[in-house]
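A.B. asks: My request is simple: use the sequences and hints to build the entire structure.
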Amino acid sequence: MLTWIALAQLTVLAALPLLLLPQLPSLSVLLALWGTGFGLLQFSQSTVRIVAVALLLLAWMLHDARQTVTDTERLAKPGQFTVLIDEVRRNTKQIKIRLLKENSRYLFPPRFAWVAYENETADYCSGQRWIMHLRLRALHARLNEGEFDAQRFAFASYTPLQGRILKRTPLETRCDWRWHFIQRHDAQLAHLSQRATLKALAFGIRDELSKTTRQLLRDTGTAHLMAISGMHIALAAGVGWILARGIQSVFSARYIGYLFPLTVSWLAAAIYTWLSGGHAPAQRALLSLTLWMAIRTAGIQLNGWQIWSLCLGLLLLIHPLTVLSGSFWLSALAVGSLLVWYHWFPLPARFTHQRRWIPLRLLHLQAGMMILMAPLQVAMFNGISLTALIANLFAVPVISFITVPLILLAMLMPFIQVSGLFWWLADLSLRGLTEMLTSLPAGWWPLQDATLIAAMVWGGLIVWRLQFFIVHP
0 MLTWIALAQL
10 TVLAALPLLL
20 LPQLPSLSVL
30 LALWGTGFGL
40 LQFSQSTVRI
50 VAVALLLLAW
60 MLHDARQTVT
70 DTERLAKPGQ
80 FTVLIDEVRR
90 NTKQIKIRLL
100 KENSRYLFPP
110 RFAWVAYENE
120 TADYCSGQRW
130 IMHLRLRALH
140 ARLNEGEFDA
150 QRFAFASYTP
160 LQGRILKRTP
170 LETRCDWRWH
180 FIQRHDAQLA
190 HLSQRATLKA
200 LAFGIRDELS
210 KTTRQLLRDT
220 GTAHLMAISG
230 MHIALAAGVG
240 WILARGIQSV
250 FSARYIGYLF
260 PLTVSWLAAA
270 IYTWLSGGHA
280 PAQRALLSLT
290 LWMAIRTAGI
300 QLNGWQIWSL
310 CLGLLLLIHP
320 LTVLSGSFWL
330 SALAVGSLLV
340 WYHWFPLPAR
350 FTHQRRWIPL
360 RLLHLQAGMM
370 ILMAPLQVAM
380 FNGISLTALI
390 ANLFAVPVIS
400 FITVPLILLA
410 MLMPFIQVSG
420 LFWWLADLSL
430 RGLTEMLTSL
440 PAGWWPLQDA
450 TLIAAMVWGG
460 LIVWRLQFFI
470 VHP
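Take the sequence shown: its position 40, counting from 1, is numbered 39 in numbering that gives the first Met the number 0, and each next residue is one higher.
Calculated from the structure, these hints are not laboratory results.
Note that CB positions come from ideal geometry on N, CA and C, so glycine has one too.
Some clues are possibly wrong.
[Unchecked claim] Label pairs and their in silico Cβ distance ranges:
no., residue 1, residue 2, range
1, Asn-143, Phe-350, 45 to 51 Å
2, Gly-245, Arg-163, 47 to 53 Å
3, Arg-88, Gln-447, 30 to 36 Å
4, Arg-88, Leu-361, 19 to 25 Å
5, Leu-361, His-132, 51 to 57 Å
6, Asn-90, Asn-143, 21 to 27 Å
7, Ala-5, Arg-88, 39 to 45 Å
8, Glu-117, Phe-37, 50 to 56 Å
C.D. replies: So this is what it looks like as structure tokens:
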């Protein structure tokens, strides 16, 4: 019998070949994998059954990738589609559409595409349904070394198609609640200097960030704070939990339990995920939070590594092509790095309790993240930020405990005047943070050899932890 933890770990291993295969195997190879896997399941030996499960998981991963490629090739032509508008980028005049039907044939699972509307006069918004005649094509990327692999990113986010609109007919022109909610608050952000950053943190709309802001965030190693991911979803859940506990304070003791704040915190995280556009990092964080809450509610005792393995396995089982996503590996390995850091290099016990040591604990956290994530940053971004440690010491507390809570309160307030006050305070906190980051010296250090950096950093930490330099001589 396989435990759920072992099954999750096998799922992660089964997804890794998608990173390495130059081309997907043929249908006959997939059928052979399915047949061999089901055949080996009939044996009673545990090793054989583990191999069988691994083959079945590998067949599922390859099948999902092959199905996505097949659908992309089949849909890459002119055709009539029933579509649902999922996202609008007015700056680049693009809309992200969900392809629901091809002519009268339903598409399952629905496929996504980015289409341009340069010469269109329609006022598109998310939630609308249209019948569109589209000229679609598969998204391609340049093979020049060092350039961003747009095709890989498109497949990882399940949006491998792009095109343009030839003809359109509206079916349902009403916009969804999220669009109306954003429009309601957008008027209050119009006069604020940090409007683009506030919209990125509140609604996941990052296309308004200027090139200067993006460069500043990259050079200071704080770009992760402006992309809604695990930290922001956890903050939303924390705000929901605090509000629920505040409500419980007026209840009598017999009506107070742990399920109410837990449920409210999950609802707060889910609503924030929806308001932020439901981008892949936020969805992964919400799925992981849901899994963690289910485990806690069921009374199952698991350590951090086991929960981490379950989360990764579940994410890759649902969306196998996520293994191609750089943001997936950044978030997954960031959590793994924290587990390694706190297990292998913890602070002495005397620094872990009193409040006066909070700055030291934050420094310890940021140092661990900077050191352990350095090889991955070099591999993905061809460099590291030398000022990231200092920048994050200030940026993480400001964003976590001031800016994001103020944004959440601004979105919760039903009265425009009170909501505007919270938006202004959030803008003030970002202005101060931006001035601090701008005052830092240029800290971007371009590097190329990620393998050498990994050997030096991770290898050095292993040698230090196991005391090889003392024991071996």
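A.B. asks: A separate judgement is required for each hint: does it hold in the structure or not?
C.D. replies: Evaluated hints:
no.: 1; hint: Asn-143 x Phe-350: 45 to 51 Å; result: holds, 49 Å
no.: 2; hint: Gly-245 x Arg-163: 47 to 53 Å; result: holds, 51 Å
no.: 3; hint: Arg-88 x Gln-447: 30 to 36 Å; result: holds, 33 Å
no.: 4; hint: Arg-88 x Leu-361: 19 to 25 Å; result: violated, 36 Å
no.: 5; hint: Leu-361 x His-132: 51 to 57 Å; result: holds, 55 Å
no.: 6; hint: Asn-90 x Asn-143: 21 to 27 Å; result: holds, 26 Å
no.: 7; hint: Ala-5 x Arg-88: 39 to 45 Å; result: holds, 43 Å
no.: 8; hint: Glu-117 x Phe-37: 50 to 56 Å; result: holds, 51 Å
Comparing the model with each numbered hint stated earlier shows that hint 4 is the single one that does not hold.
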